[in-house]
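Peer 1: The residues making up each chain are set out below.
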Amino acid sequence: MTDSVTLKDICDHVGGEILSGSPDSVITGVSSIQDAGPADICYYGSSRYARYLGTTSAMAVMVSRPVTTSADCVLLVDNAYDAFRKVLHLFIPDRSTGFSHVHSSSVVHPTAEIGKEVEIGPCVVIDRDCVLGDNCSIGAGSVLGPGVVIGSDCFIHSNVTLLADTVLGSKVVIHSGTVLGSDGFGFVPDPGGKHKKIPQNGNVIIGNSVEIGANCTIDRAVTGSTRIGDHTKLDNLIQVAHNVCIGRGCFIAAQTGIAGSTVVGNGVVFGGQAGIGGHIVINDGAIIAAKSGVTKEVAAGTTVSGNPARPHMETLRLGAAVSRLPGIIELVKVLNSDK
Amino acid sequence: MTDSVTLKDICDHVGGEILSGSPDSVITGVSSIQDAGPADICYYGSSRYARYLGTTSAMAVMVSRPVTTSADCVLLVDNAYDAFRKVLHLFIPDRSTGFSHVHSSSVVHPTAEIGKEVEIGPCVVIDRDCVLGDNCSIGAGSVLGPGVVIGSDCFIHSNVTLLADTVLGSKVVIHSGTVLGSDGFGFVPDPGGKHKKIPQNGNVIIGNSVEIGANCTIDRAVTGSTRIGDHTKLDNLIQVAHNVCIGRGCFIAAQTGIAGSTVVGNGVVFGGQAGIGGHIVINDGAIIAAKSGVTKEVAAGTTVSGNPARPHMETLRLGAAVSRLPGIIELVKVLNSDK
Amino acid sequence: MTDSVTLKDICDHVGGEILSGSPDSVITGVSSIQDAGPADICYYGSSRYARYLGTTSAMAVMVSRPVTTSADCVLLVDNAYDAFRKVLHLFIPDRSTGFSHVHSSSVVHPTAEIGKEVEIGPCVVIDRDCVLGDNCSIGAGSVLGPGVVIGSDCFIHSNVTLLADTVLGSKVVIHSGTVLGSDGFGFVPDPGGKHKKIPQNGNVIIGNSVEIGANCTIDRAVTGSTRIGDHTKLDNLIQVAHNVCIGRGCFIAAQTGIAGSTVVGNGVVFGGQAGIGGHIVINDGAIIAAKSGVTKEVAAGTTVSGNPARPHMETLRLGAAVSRLPGIIELVKVLNSDK
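Each protein sequence line maps, in turn, to chains L, C and P. Going by this note's numbering, the first residue of the first sequence is number 1, and it counts up by one from there. Going by this note's numbering, the first residue of the second sequence is number 1, and it counts up by one from there. Going by this note's numbering, the first residue of the third sequence is number 1, and it counts up by one from there.
Some hints here could point you the wrong way.
Copies of the same chain look alike in the list, so a pair counts if it fits in one copy or across any two.
Capping the alpha-carbon separation at 35 Å, the derived lysine-lysine pairs in DSBU-like fashion look like this [as the list claims (entries may be wrong)]: (1) K8 / K296; (2) K339 / K116; (3) K171 / K196; (4) K116 / K194.
Since the hints were derived computationally from the structure, they do not count as laboratory data.
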């Protein structure tokens with residue numbers, strides 16, 4: 001973490017241009033435009049925050065080209081949000097653990113293969129035949145079942161559970177409380193109520209550069225694998241059922257649930273609390289609005305919303321019609337009494 | 001786990017009839033019909049997968065009587081899904097822990113009574129006065145609070161939390177991250193905002209052969225017990241509030257929430273992300289569609305959907321009417337201008 | 001926990017008046033009106049339970065003034081629900097751990113400052129530079145990352161994760177499985193799908209007397225803090241995204257999700273499974289009905305419902321209109337054929 005840098009340092013770091021303000025201004029932190037203090041740098045990301053442009057106390061504001069605004073000290077950049085990202089990197093707080101790299105309270109099975117420069121926190125459990133790549137970090141209290149395989153540069157936060165035979169690529173981040181490889185929900189219903197469990201013989205395979213939020217659940221497959229493709233990002237409290245296959249570069253917002261065997265293409269975006277039925281295909285680039293209930297295939301590049309989910313324009317059209325319905329009913333009554 | 005068996009072995013195991021194909025064919029795995037390799041057996045479970053019948057690479061396909069289809073090698077059975085279940089049992093992978101049966105890092109209070117052949121994983125904590133039946137397995141990192149009582153043949157996965165006085169029957173499976181016995185959400189609201197907590201003096205009682213998915217929460221009762229009946233199965237991320245009473249043989253899909261004191265009968269089925277209000281009765285055999293918001297009693301054997309939930313046929317009827325609404329509005333405008 | 005008390009003892013404890021029944025009656029437990037046994041006291045809280053007033057086996061029933069009912073033994077109080085709360089305090093079961101106050105299996109970094117009378121359970125991990133106030137209890141398996149600061153009289157249940165730099169006030173209760181301080185969900189989308197993570201440099205700050213249920217997730221801020229105000233109560237499985245700011249004395253029911261940077265005033269009530277978009281303001285005293293999808297500012301003291309959320313009266317009005325729609329369509333058809 002940087003203690004302070006000059007505006008010029010930041011300008012060089014983000015590849016910007018100082019439109020106004022002194023290059024020698026000393027900047028000690030990064031903040032939002034509304035909360036910034038006089039030694040902070042911030043960014044202007046949306047017209048929603050336009051009212052703060054004139055009033056922010058920030059030392060400097062990063063603004064995307066073309067500039068259409070004035071503030072006391074403006075750093076002009078191609079993409080203010082990406083510049084914000086770069087500046088945040090300069091000010092990441094030190095969150096390193098105080099414990100030794102492989103803590104003595106951790107329990108690592110002798111058959112586990114541990115790569116170089118791996119941090120294993122207190123009370124971590126790593127069962128037989130696990131393989132961990134180089135530069136991984138396993139947070140305190142996390143449990144890796146038998147045969148878990150993890151690539152290099154993965155960060156597993158505290159109290160994560162990776163059950164038997166789960167496979168992670170490289171540069172994967174798993175947040176606390178998340179469970180990978182729990183049994184899928186499969187039973188042969190019994191008329192007498194004594195339902196019989198379908199053994200869940202498969203596993204979970206996570207691609208490279210995937211990030212999975214806190215307290216998510218991703219079930220193992222019945223046979224084969226439940227899969228999440230490279231660069232896909234999951235928020236918190238998300239359910240991914242058995243045999244779901246999610247493509248690359250998707251965004252899935254919190255509390256979304258995807259039922260069994262559904263196939264999600266690449267670059268699909270899910271709003272929060274969306275629910276996707278089982279055995280459905282969501283094609284590349286689709287957008288599923290928050291709280292949607294998807295019951296059938298979604299075409300590539302389309303946006304759906306509502307429950308049951310429809311093309312978003314249709315949802316809006318029907319919603320507008322319903323808003324007018326009380327008046328229409330009154331009008332129909334008049335027409336009926338006039339006839 | 002079996003390495004390989006013949007088609008005849010499987011035929012005997014599931015009680016089927018080889019309609020076509022060689023009894024001596026060697027089968028090395030079980031798979032879905034779309035992913036099966038040339039030494040796999042699979043099943044045909046739904047017309048949704050009919051297109052794969054002619055193209056599957058599987059060595060053999062299990063099909064329910066009466067057969068209405070042709071594939072290269074068909075094993076005819078009464079119930080293909082149940083036969084699939086039986087075959088999966090032949091191929092369950094070895095997921096046994098590499099650790100000793102009661103790991104030295106576990107912390108078991110001297111007053112706890114532990115049955116025979118119990119596995120206690122690393123970093124497990126079992127507090128005073130717990131009682132564990134024979135043949136139970138407690139996964140690494142799980143915590144059993146004071147006075148927890150567990151029947152025989154239970155499987156508690158890793159990082160589960162069973163809080164004080166929780167009672168499980170026999171053959172119960174609890175998946176990772178699940179919490180049983182957290183406090184119910186009860187407060188006396190205070191106009192000044194300093195709400196007063198209602199002590200939650202009760203507990204949680206789980207019947208026999210219940211399975212509870214990952215990261216679920218089941219709150220203890222205010223007084224008495226929150227109860228889940230025999231053979232009921234819960235998926236992941238489900239909330240069961242204090243004093244809820246769920247009957248036998250129910251299925252509850254992921255992310256469903258049931259508010260306080262609601263009573264659920266036997267054989268009730270909940271779709272995913274359903275929400276049930278408090279102090280409601282859901283009678284035997286009801287079906288609650290995914291994403292429903294149930295605000296009042298549901299009659300036995302009926303299906304409800306929508307929010308607020310209505311009889312499903314009514315939801316469909318209203319949904320169809322709404323779809324026609326924009327056209328109806330246009331027609332009313334014409335009628336009005338014509339009058 | 002009390003073994004038994006007399007009705008007079010309870011009358012004195014709750015500040016009531018014995019309307020009928022003997023002051024010397026011995027009471028051994030507290031229960032709901034429907035489940036009460038002959039030595040239990042219960043309360044009458046809602047007309048929903050009126051049918052039990054004449055049939056309850058309870059020794060005594062606490063009823064709010066003015067009394068409008070008769071039962072065999074009535075204890076008249078100002079607020080029956082609050083009296084129930086007070087009596088529950090008399091009968092709280094002993095759930096104290098059997099383990100020593102700082103268990104030998106816990107891992108506490110030498111730089112951590114631990115207050116007086118702090119209980120630290122087995123397999124707890126407390127990283128460098130943590131500060132714990134007096135009389136705190138940290139349940140088995142919980143993990144406190146570097147720099148976590150906790151006030152006095154906090155109760156952290158088992159398997160909780162408080163990540164780096166999380167700050168709790170005093171008298172805070174955190175239930176099992178909950179994660180505070182996981183990274184917010186922030187990425188700069190990349191057209192090629194290789195989305196770039198926004199570092200989440202901020203933290204989580206929780207006020208005094210806050211209670212957070214089981215398996216919740218509260219993300220750290222990008223910059224600054226995600227905040228929850230004094231006396232606010234969260235149920236289970238709730239998602240609070242980065243930079244959300246929640247006021248004092250709010251109630252948030254289970255499975256609700258609040259997206260990033262949303263600001264919630266004081267005394268706001270959320271029903272279960274509500275979803276609140278990002279960058280929204282919910283003003284003081286608003287009520288958000290269960291399953292609402294809030295997409296824009298909610299005025300102080302108003303109730304909203306539906307998805308997208310509208311003023312509740314409007315939701316009801318539109319719902320009633322939709323219920324009439326099939327009949328209206330028939331009528332329009334008749335009018336059209338008559339014209």
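Peer 1: All hints are to be evaluated individually against the structure, with a verdict given for each.
Peer 2: Here is how each hint holds up against the structure:
1. Taking the shortest alpha-carbon separations for K8 and K296, neither the intra-copy value of 53 Å nor the inter-copy value of 39 Å comes in at or below 35 Å.
2. In this assembly of identical chains, the alpha carbons of K339 and K116 never lie at most 35 Å apart, being 87 Å within a copy and 85 Å across copies at closest.
3. In this assembly of identical chains, K171 and K196 lie within 35 Å of each other by CA distance solely across copies; the values are 12 Å between and 39 Å within a copy.
4. In this assembly of identical chains, the alpha carbons of K116 and K194 lie at most 35 Å apart only when taken from different copies (26 Å versus 49 Å within one copy).
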